Each structure stands twice: as structure tokens, then as C-alpha cells.
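Colleague: Line by line, the protein sequences are chains A and B. Residue 72 in the working numbering sits at position 72 of the first sequence, and the numbers go up by one each step. So the working numbering is basically just the index in the second sequence, starting at one, shifted up by 265.
I should point out that these hints are in silico values taken from the structure, not numbers from a laboratory. All of these numbers come straight from a predicted model, not from anything done at the bench. Heads up, the beta-carbon is just placed ideally off N, CA and C, and yes, glycines get one too. Treat each hint with caution, since some may be false.
Anything over 10 Å on all C-beta distances counts as not near chain B; from chain A, calculated [what the hints assert, rightly or not]:
id, residue
1, Val23
2, Leu27
3, Thr67
4, Thr76
5, Ala118
6, Gly131
7, Asn163
If you only want the chain B side, here are some residues facing chain A, beta carbon under 8 Å, derived [unchecked claim]:
id, residue
8, Leu368
9, Arg369
10, Leu372
11, Gln376
12, Leu434
13, Leu435
14, Ala527
15, Val541
16, Ser554
17, Ala565
18, Trp571
19, Thr673
Label pairs and their computed distance ranges (CB to CB) [as the list claims (entries may be wrong)]:
id, chain 1, residue 1, chain 2, residue 2, range
20, A, Ile28, B, Lys350, 17 to 23 Å
21, A, Ile156, B, Phe691, 25 to 31 Å
22, B, Leu522, A, Tyr221, 55 to 61 Å
23, B, Asp470, A, Ile28, 53 to 59 Å
24, A, Thr30, B, Glu353, 36 to 42 Å
25, B, Leu485, A, Tyr221, 38 to 44 Å
26, A, Ile28, B, Asp559, 41 to 47 Å
27, B, Lys280, A, Pro228, 47 to 53 Å
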Amino acid sequence: MSQKPDSNRKSGRRSPLAIILLVAIGLITTGAAYAMASSATASAEVDLSSPEVIDEGAKLFAANCATCHGLQAQGTENGPSLIGVGAASVDFQVGTGRMPMQANSPQAPVKPVQFTDAQVQALAAYVASLGPGPSIPSASMLTGGDVAHGGELFRINCAMCHNVAGAGGALTEGKYAPTLDNSAAVHVYEAMLSGPQNMPVFNDLNLTPTEKKDIIAYLEYQKANPSPGGLELGSLGPVSEGLFLWIFGVGAIIGLTIWITAKSN
Amino acid sequence: MTVTATPPSGGVTGKVSNYLDERTSISGAVKEFGRKIFPDHWSFLLGEVALYSFVIILLSGSFLTFFYQASMATVEYEGSYIPLKGVEMSVAMASTLDISFDLRGGLLLRQIHHWAALLFIAAIGLHMLRIFFTGAFRKPRELNWSIGFVLFLLAMAEGFTGYSLPDDLLSGNGLRIIDGMILGLPVVGTWISFLLFGGEFPGSDIVGRLYTLHILLLPLILLALIVLHLMFVIIHKHTQYPGPGRTENNVVGYPVLPVYAAKAGGFFFLVFGVVVLIAATVTINPIWSYGPYDPSPVSAGTQPDWYIGFADGALRLMPPGLETYWFGYTWSWNIIIPVLVLLVFLALVFAYPFIEAWVTGDKREHHLLDRPRNAPVRTAIGAAGVMFYAVLWAGAASDIIATHFRVTMEGVINTLQILLILGPIFAFMITKRVCLGLQKKDREIALHGFETGRIVRLPGGEFTEVHQQLNDYDRWQLVSFNDNAPIMVRPNERGKITGSMRRRAAWSRFFFEDRIAPVTRTEHKEALEHANH
Chain A
1 MSQKPDSNRK
11 SGRRSPLAII
21 LLVAIGLITT
31 GAAYAMASSA
41 TASAEVDLSS
51 PEVIDEGAKL
61 FAANCATCHG
71 LQAQGTENGP
81 SLIGVGAASV
91 DFQVGTGRMP
101 MQANSPQAPV
111 KPVQFTDAQV
121 QALAAYVASL
131 GPGPSIPSAS
141 MLTGGDVAHG
151 GELFRINCAM
161 CHNVAGAGGA
171 LTEGKYAPTL
181 DNSAAVHVYE
191 AMLSGPQNMP
201 VFNDLNLTPT
211 EKKDIIAYLE
221 YQKANPSPGG
231 LELGSLGPVS
241 EGLFLWIFGV
251 GAIIGLTIWI
261 TAKSN
Chain B
266 MTVTATPPSG
276 GVTGKVSNYL
286 DERTSISGAV
296 KEFGRKIFPD
306 HWSFLLGEVA
316 LYSFVIILLS
326 GSFLTFFYQA
336 SMATVEYEGS
346 YIPLKGVEMS
356 VAMASTLDIS
366 FDLRGGLLLR
376 QIHHWAALLF
386 IAAIGLHMLR
396 IFFTGAFRKP
406 RELNWSIGFV
416 LFLLAMAEGF
426 TGYSLPDDLL
436 SGNGLRIIDG
446 MILGLPVVGT
456 WISFLLFGGE
466 FPGSDIVGRL
476 YTLHILLLPL
486 ILLALIVLHL
496 MFVIIHKHTQ
506 YPGPGRTENN
516 VVGYPVLPVY
526 AAKAGGFFFL
536 VFGVVVLIAA
546 TVTINPIWSY
556 GPYDPSPVSA
566 GTQPDWYIGF
576 ADGALRLMPP
586 GLETYWFGYT
596 WSWNIIIPVL
606 VLLVFLALVF
616 AYPFIEAWVT
626 GDKREHHLLD
636 RPRNAPVRTA
646 IGAAGVMFYA
656 VLWAGAASDI
666 IATHFRVTME
676 GVINTLQILL
686 ILGPIFAFMI
696 TKRVCLGLQK
706 KDREIALHGF
716 ETGRIVRLPG
726 GEFTEVHQQL
736 NDYDRWQLVS
746 FNDNAPIMVR
756 PNERGKITGS
766 MRRRAAWSRF
776 FFEDRIAPVT
786 RTEHKEALEH
796 ANH
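With the sequences and hints as input, model every part of the structure.
Modeller: Written out as C-alpha cells, the structure is:
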């Protein structure tokens, strides 16, 4: 952590309390900054029903999305109708940079987000105004789940595509389930609600809001707690373990055999 | 051996040795074994690495047996790993988690055990390749090749049974694949599956059965065969690379005592150190994130450990949809064919020394190794085999290749399917040509020496580069190798040419038709005279 003060020099010039104070200040500022950052992505601070916001969204939509989705979001040959997909879908697709899509490919990849948060909200507000659909989950829907139950649900519902450790996996024809290592909680929730790209919808009858919360708690736990066994090798399982063994393990051993026999020659 | 009248000097060591010797006559064996000479080359240590990994596996495995419980009874996990608290799982899984999280040093020992297992089989594989490419399997060592091959199979069986013991999701998926393969065998498959699992998969017996195999039966056979394998090494003497002063009747190197005993002892700790270093820093088989086995979830990216990968790859590369309904049974060719292909491949590996001995008709003993280039067709066959194995191996990682190189899974599979057929053929042709090219280069250098880079202008105005002759020691390595010519078909004593003789002659042509003969003494003399003009 960069905000940690130099505590290894105990010269006595500073009171030991100063160090504690500095650490406390550092933790509070970063904690606050983190809380602000995460709440900015997690909750809608903009009023999605206000006409101005919807109006701004409509303009952004016409400029950036209408080519494929149609001027009224009714859909064209190149893109589906967005009437009734709801704010959650827009926040997921645009908020992770998947939309607007750069090129036609089997699947829209994650890329740097093209809009500010406010613009994403405005787009979401506009699309939400076209027809009823799932809305962006509030921050309280994302925290406080049961980690163990979430793990079980994840293995049963998600692991066959996303891999049991959330490392992602291949689908047919160049499609894939992405890794969940860097996914924000709100986006995971929205993905379950809206079923983006090749993912099925997990509606509230399929996985109740509490169960969704549990799954998110499990994923957040995995993110926050690195593997107790050491380097994770991408959590890809035996393939990366085998590669590591052959490259580094066998490499080191062969180096040693050469060293041990070279001495006498 | 002999009892001397005077008390031996040499302090405590001497006294202890004398005490032992007077009661066991062990000094004879020590003297014999201690004077055993071994040649020095890095590639001769690969088998030793396998042996040391096995020792590490035995040590760490014994520790694990004190705490592991091979039971499939279900319990609620109450250990300290939060994401699994309260989750129902088998006792086997719970005890493995306890070893990992609630036993001091348990996770490190688990990881040592598993990493050492991966290294064990990798070292066996490399050792086999060394034996193959240097022709060390020739008479009198064919039987030892067979023993080594069985050791390789046993090691894989050990690995697979061990992989299945924690009863986690990944290993359960692996077992399910094996079960599927067994079920796919016509007629007997269902019976074998029910026998093995004690009923419908997964049943409640399999972990206990695998445990018995893993810690009792397989290690015992393995250990017995390792002893036999090493006894043969002592009986046969170690092979050596050709070189000045090295003949079929001697071994040039250092004695076991004191040189190799010290070196090998030190090397054991180096290998142990590498394994512990890896185990202490890199996660292997994180069963805590796989969770307990449950037949319903199957994770994306489920693969076996690397050494079973070639079998998994064979299944993945098999084109789908091939099955027929004969005699009231479904014949699932998409399982039968890969299994047959694997069996044929393994049978060829096993039988290669005998095949080559039959083709060459060579009954001589060989203690001098071949340089791989001096046996072009054998080396090319080896390269083709490696290619075949490697493509199957890559097949097991097809999904990971697809996601990480951003290509389609179908593209990866189709490419590998084509490579599986064409790859070995190209590998064979290219390797054979490379070997012949290298032999030609060797011959050129042996005859004319190497280029010095010194350009001289002759009185007539001609430019020429001065070649320097090799010294006798270096030349020896380039000219001393076996020259196998194709067998001529000659009628036997009854004046007949049998079919088997024709077949043998055909194979002999395949092996030795294209060859570069070693430089003879006369050729060299002529070349020297020519150079002196």
C-alpha cells in the first residue's frame, strides 16, 4: 500500500503515536475514496425518471447507438430492439465498455468505458423510459450475502461456463464466458438480471434477490482473499499447473543436472 | 569379509563398520557397489530425478495418510475456510480441507506431494525420451525398457488415483469421464463400471477403493519394480556416450564411492529444494475453490493433471456422433476409437525395442549410446511419436487455448485433428532430413576439418580458405558409430525366401535406405593427401 508511512525507521524523532495516526488517516482517506468510487458505480445518484436526464439520454442514444439499434431503439438488422431491456441492461453493456461495439464479432468484448457515469445513467434512463424492464440494483442489494451458500449456488448455476473459480471459459464459435475477477458487484447482478450476450437470464424466480446477493458475496470474497496456497496461475486448473511444472520445475531441474555434471568435466 | 587379528583403527566409524561387517559381511557388497563406475552426463540424471521425486512423494504422502480419511460419508464442514462453512461434503473432502487449513504445515505438505507427483511423471517421460533417442534400450536392456514402461503406467495410475482422493468437484468430474469411458466399452462396460463404483456412479465406495490402490497396491508394485529396474542398471552397467577410450567393454566415469554417493546425495536435496520452493509459493489443486463433489455441476475448463491430458485430448479430438447399434448394444465409437488409438500408441512405445531388434537383426550387445543423428529413422520415429503425443496433449487444453488466444474452440479442435494426422508425418520427414544433414556435416568436418575463416591468396591468384583438421579425439566422436545397411534378402538353407524375410527386408530398407556412412580410415587418408596437394 502506497499510503503506508515509513515505519521501519525507529529513530525516535517521531512519537510512536504519530505512526498510528498516519496509518489511520491513510486508511480513512483511502477507505472513503473507495467507498465513494464503489457507490458511484453501484447506485444511481441520478434521478432516472427526470425528463431532462431522459432527454439527454435520447440525444446520446441517437448519436451513439441508433446506427445499429434504430432511432427509436426498435432494432435493425444489425442490432436487437432495446424496448423493455431496462436500465440494468444498459448499465451493464455500456458501463463495462461492451457497448458501443467496435466491430462485429461473436461477442462484444470488455473494453475501456466510452462514457462518463452520468452519460451511462442518462442512456439507461432513456432506454428504461421506452418500456418496463429490470432497473439498476441499489447498493443494499449487493452486500451482506452468505458466502458459503453463494459458493454452492455459483458452482451449480455459473461454474459450467465461468469456471468453478470464476476464471472464465470457452463457448462455441468463438464465444466465451468472461473471467469474473474484475467484475464489479453491480455488473454481476445486472448480468444475472438481463442475461447479456450468451448468458441466460437468472430472473428473481430462478435465483431470488437474496441468492443473487449470496453469489455476489462469494465472488467478492474470492476477489478479496488470494489463494492460501500461493500464486494462483490464473485459477485455470491443471493446464496452467502443468505448464508451470514443465517450464519452471523441469527447467530448474535440468539446469541443476547440467550444473552438477558440468563441474567434473 | 575376513576377520583380522589386529583390532581395526579408525575410531568410532571404524569400530562401527567392523562391528557391522563381522555380523553381516557387508563390506563385500559395499566394495563391489562402491567401485561401480558411472559415466557423467546431465541426461543420465533424469531417471535419478524421477527416483528422488518418488522418495519425496513417499515421505509427504506418509504424512498425509495420518490425517486423510478415505470415507464418502457426508458431513457438514465445520473447519476454518469460510466459503465452505456448513456445506455438506464427504469426509474425504472435509479431511483434505482440514489438512489444508487446520493442520500446521498441512497445505505445504499437500502441495509438495502434488507438485512432486507432477515432477515424478515428467522426469519419467524425459528419462524415457533420453533412453529412446540414444538407443539405450538395445540389447541387453530391452527388458529394462519394459519395466520402465510399466513404471510409467503405474506412475500415471498413482497420479490419477491420488487426484481423485480429495473428492472435490474437479476430481469428481475426472472420475465421471473415466466412468463414461468405461461405460462406452461394449458389452462389459456397464458391468465394470458397477463393479468399480459399487453401484451407480458415484456410489459410496470409490474413494475408499482408490485409496487402497493409491497407498498400498500401486506403491508396492512401483517400489518392487524400481528396485528391479535399478538392479538391472547395476547388472548391465550404465551406458555411455561414444568417445575416445570408451568401448563396449568398459565404462569411463567416476566410482560410486565417494564421488557419486556424494553427488547423488546432494542432488536429492537440490531436487527436494526445488519442489519445496514451488510448493511453498505456487498453489496446486485448490480444492477449496472447486468445492465438494456433486454430480450436477460441471465446471468449465475441467481438465486432468498433465500426464492424463493426452487421453483427455484423444476424447476431445474424436469427431462426434459416431455410434452404431449392433446385436442389441450401442457401440459408441467416439469412445472406443480413442481408447483403441491410445492402447495402440502405448503398445508401440512398449514394443519399440523388440521391433527395432527384429528389423536390424542385431544380436550384439550395445553399451555405447547412439547420437540421435546417427540413427535418423529411429530419431524421426521418436519425433513423430512426440508430435502425436503433443497434439493429443494440446487437445486437452483446447478450451484454454481458445479463450487465451482469442480463437474459436472449433478452430482449435479442427486444427489439432488435422495436426494429429499430418503432424507426425511432417515431424518424421523433417527430423530424418535434419539428422541426415547433420551427419553429412559431421562427415564433411571429419574429412576436411573445419573452416578457419583465414582466406589465403595463392601465387596463381586463386583465393582459398584454410581448413584446419580436427584433433584425433574430436574426430573420433564424428566417425565412430554403427553403420546399419539394409538387409539383403537371401534364400534360407532350403532355398526359399519366406514372407517374413521379405517383410523384414522391407522394414530394413525403410530404416536404413537413406544413410550416411561413417568416414573410413582410407577415406580420411585420401582426403588428407588431397588437402596436402
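Colleague: The structure should be examined with respect to each hint, and the outcome stated for every one.
Modeller: Structure-based check of each hint:
1. Val23: Fine: 26 Å to the nearest Cβ keeps Val23/A off the interface.
2. Leu27: holds, 23 Å
3. Thr67: Label holds. Min Cβ-Cβ 25 Å, cutoff 10 Å.
4. Thr76: holds, 26 Å
5. Ala118: holds, 33 Å
6. Gly131: holds, 34 Å
7. Asn163: Not fine: 5 Å to the nearest Cβ puts Asn163/A too close to chain B.
8. Leu368: Result: violated, 13 Å to nearest chain A Cβ.
9. Arg369: violated, 13 Å
10. Leu372: holds, 6 Å
11. Gln376: Since the shortest Cβ distance to chain A is 6 Å, the answer is holds.
12. Leu434: Constraint on Leu434/B satisfied, holds at 6 Å.
13. Leu435: Holds - the Cβ of Leu435/B comes within 8 Å of chain A, reaching about 7 Å at its closest.
14. Ala527: With Cβ-Cβ at 11 Å, over 8 Å, it is violated.
15. Val541: Violated: closest Cβ of chain A sits about 12 Å from Val541/B, beyond 8 Å.
16. Ser554: holds, 5 Å
17. Ala565: holds, 3 Å
18. Trp571: It holds, given that the least Cβ distance between Trp571/B and chain A is near 3 Å, below 8 Å.
19. Thr673: The hint holds - Thr673/B has a Cβ within 8 Å of chain A, the shortest such distance being about 4 Å.
20. Ile28/A - Lys350/B: 17 to 23 Å: violated, 31 Å
21. Ile156/A - Phe691/B: 25 to 31 Å: violated, 45 Å
22. Leu522/B - Tyr221/A: 55 to 61 Å: Between Leu522/B and Tyr221/A, where Cβ atoms are some 57 Å apart, the hint holds.
23. Asp470/B - Ile28/A: 53 to 59 Å: holds, 57 Å
24. Thr30/A - Glu353/B: 36 to 42 Å: holds, 39 Å
25. Leu485/B - Tyr221/A: 38 to 44 Å: holds, 43 Å
26. Ile28/A - Asp559/B: 41 to 47 Å: holds, 44 Å
27. Lys280/B - Pro228/A: 47 to 53 Å: holds, 51 Å
Going through the hint list in order, the structure does not satisfy hints 7, 8, 9, 14, 15, 20, 21.
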